[in-house]
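Protein chains in written order, with our numbering: chain A, 23 to 562; chain B, 26 to 61.
No wet-lab data here; the hints were simulated from the structure. Built from N, CA and C at the ideal position, the CB exists for glycine as well. A hint or two may mislead.
Derived lysine-lysine pairs resembling DSBU-like cross-links, with alpha carbons at most 30 Å apart [said to hold, decoys possible]: (1) A:Lys-523 x A:Lys-48; (2) B:Lys-32 x A:Lys-224; (3) A:Lys-454 x A:Lys-48; (4) A:Lys-454 x A:Lys-523; (5) A:Lys-454 x A:Lys-520; (6) B:Lys-33 x A:Lys-224.
Derived CB-CB ranges, DEER-like [as the list claims (entries may be wrong)]: (7) A:Pro-136 x B:Leu-59: 44 to 52 Å; (8) B:Arg-36 x A:Ile-499: 53 to 61 Å; (9) A:Ser-86 x B:Asp-28: 51 to 59 Å; (10) A:Phe-364 x B:Leu-59: 42 to 50 Å; (11) B:Arg-37 x A:Thr-376: 21 to 29 Å; (12) A:Pro-136 x B:Arg-37: 13 to 21 Å; (13) A:Val-153 x B:Arg-36: 25 to 33 Å; (14) A:Ala-477 x B:Arg-36: 55 to 63 Å; (15) B:Leu-59 x A:Met-400: 30 to 38 Å; (16) A:Gly-49 x B:Arg-37: 33 to 41 Å; (17) B:Leu-59 x A:Leu-179: 21 to 29 Å; (18) A:Tyr-318 x B:Arg-36: 29 to 37 Å; (19) B:Arg-37 x A:Phe-192: 28 to 36 Å; (20) A:Phe-75 x B:Leu-59: 38 to 46 Å.
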Amino acid sequence: MQMEKDSMATVAADITDHHDDHGPAKGIGRWLFSTNHKDIGTMYLLFSLTMFFIGGAMAMVIRSELAVPGLQLVDPGFFNSMTTMHALIMVFGAVMPAFVGLANWMIPLMIGAPDMALPRMNNWSFWILPVAFGILLSTLLMPGGAPAGGWTMYPPLILQTGDAFPFLIFAVHLMGISSIMGAINVIVTIINMRAPDMSLLKMPMFVWTWLITAYLLIAVMPVLAGAVTMLLTDQFFGTSFFLAAGGGDPVMFQHIFWFFGHPEVYIMILPAFGVVSEIIPTFSRKPLFGHDSMVYAASSIAFLSFIVWAHHMFTVGMPLTGQLFFMFATMLIAVPTGVKVFNWVATMWRGSMTFETPMLFSLAFVFLFTIGGFSGVMLAITPADIQYHDTYFVVAHFHYVLVPGSVFAIMAAAYYWLPKWTGHMYNETLGKVHFWTSTIFVNMTFFPMHFLGLAGMPRRIPDYSTQFADFNAIASIGAIGFGLSQLIFVAVLLTAWKGSKATDRVWEGSHGLEWTVPSPAPYHTWETPPQARIANEAFD
Amino acid sequence: MDDATRKKNIRRTALVVGAIAVAFYVGFIMMGVLRS
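Next comes chain A alone, as it looks inside the complex (with noise of 0.2 Å):
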């Protein structure tokens, strides 16, 4: 253990002496034209966290609207615009990019590589998302509103979008072009930028769980591209390709749609997966259980998710042996998420368990993931679909995956490495209420919601029977608490930098190359890959 905190010692040394000749460039260039990881990074979580608020304004709209019975705050065209926006920037513009964010700052931390492996594409990749969430919020001043059929864009709803129309679909291909650049260098910098004797089976999962999630965007965001350029055609260029009335068909949309949205739900996950399987091991002391397993489960999932797509069409009408292959094909990949589950368990398993903030968010994660998980088997079953189908019920599941899933798992990560961004402890009691306020009122926000899809509420709709109104009062203050509880968070990241100084290793039971740089991370790491010594002690 000594000889191992020499070396750190020495590699930390070794990296500050080595770059106080040459920091970021002063105003406002350092950020317009970084090719840094480190500012592209923060740059990406900053962006994510600004979208997160706008898209939980919305969703404090949709829920103020719905806290009682009746039409009262909004129209009914700009709450179903909410909806559709609601979604639109939480998916591409909060969860993915945070994914993003932490990606460049982490991954090449933690496999020994300087950078990114295509710098100046990584500075391309960021600053199309701004242009692109900018052209899309423009949308809400425009005549006709902004979009308001759904973040599925099904058509022919979506061809009745007014002025709207062109600028969403020119801002879903900015998204996805940002998105496959970002994918792109990921995959290069960790096939080519590896420490030497990183073995891809020795990399930290949240590095491979990042590999197969930049495959799925480059398999999906193109396909996604493609539907909306054929929307696109369809509007304006006089095709068919899914009007009925020309000879086309709008039900291939959907499978099209739903061939990139359900791996995209995946994209969304995955990275989450990795992040829990950083942390819990940290906090329980003990090596991950099951690392190869792990790889081999979140490859699996990966795989699964591109055969399972028409389970979001069951109502739509398909032959009985398409309803059954793909109920079974969903139930299997139960198979390999429970695997996930069970291998962070085992790795509790008598282990030496401490609760930080990372870690509460990550047990919590464990927790509230595994029951959309199983609302999500419900909704694999055929004749059961066709019930919850377009039901609060789906709502709820969705929500139990993206925001105690995806959305805690961000949080852990943000507060996992948080020190080691900054170099400071942030403030575990803020971080500690945070975490508990945001726990409580995600489950009074979305469990009740299981009750109305299964009382049948439909969803996206602004109005409903006053049989449906209790738990919809029960749901709209926990929003509200939800909602007001974020901003303990910004609390957090402002006193960030009040801390005690925080240590290189930061957690007591870290491992892994990112902890062998100093605290705060200087501005240039690894220009000389790590020794395999250092890697090797780092991982084993």
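Given chain A, work out where chain B should sit, using these hints.
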């Protein structure tokens, strides 16, 4: 691995992965063309 080889590998990997992305984009549009 020397720098030149690494740069060549990086360029090759990026081109292959980018080509896969373009193939998916064009492929799905072609599928739409053939079906409609």
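Taking the hints in turn, this is what the structure says about them:
no.: 1; hint: A:Lys-523 x A:Lys-48; verdict: 25 Å, holds
no.: 2; hint: B:Lys-32 x A:Lys-224; verdict: 23 Å, holds
no.: 3; hint: A:Lys-454 x A:Lys-48; verdict: 36 Å, violated
no.: 4; hint: A:Lys-454 x A:Lys-523; verdict: 20 Å, holds
no.: 5; hint: A:Lys-454 x A:Lys-520; verdict: 17 Å, holds
no.: 6; hint: B:Lys-33 x A:Lys-224; verdict: 24 Å, holds
no.: 7; hint: A:Pro-136 x B:Leu-59: 44 to 52 Å; verdict: 46 Å, holds
no.: 8; hint: B:Arg-36 x A:Ile-499: 53 to 61 Å; verdict: 55 Å, holds
no.: 9; hint: A:Ser-86 x B:Asp-28: 51 to 59 Å; verdict: 58 Å, holds
no.: 10; hint: A:Phe-364 x B:Leu-59: 42 to 50 Å; verdict: 45 Å, holds
no.: 11; hint: B:Arg-37 x A:Thr-376: 21 to 29 Å; verdict: 46 Å, violated
no.: 12; hint: A:Pro-136 x B:Arg-37: 13 to 21 Å; verdict: 20 Å, holds
no.: 13; hint: A:Val-153 x B:Arg-36: 25 to 33 Å; verdict: 27 Å, holds
no.: 14; hint: A:Ala-477 x B:Arg-36: 55 to 63 Å; verdict: 58 Å, holds
no.: 15; hint: B:Leu-59 x A:Met-400: 30 to 38 Å; verdict: 37 Å, holds
no.: 16; hint: A:Gly-49 x B:Arg-37: 33 to 41 Å; verdict: 37 Å, holds
no.: 17; hint: B:Leu-59 x A:Leu-179: 21 to 29 Å; verdict: 25 Å, holds
no.: 18; hint: A:Tyr-318 x B:Arg-36: 29 to 37 Å; verdict: 31 Å, holds
no.: 19; hint: B:Arg-37 x A:Phe-192: 28 to 36 Å; verdict: 32 Å, holds
no.: 20; hint: A:Phe-75 x B:Leu-59: 38 to 46 Å; verdict: 44 Å, holds
The structure shown violates the earlier hints numbered 3 and 11.
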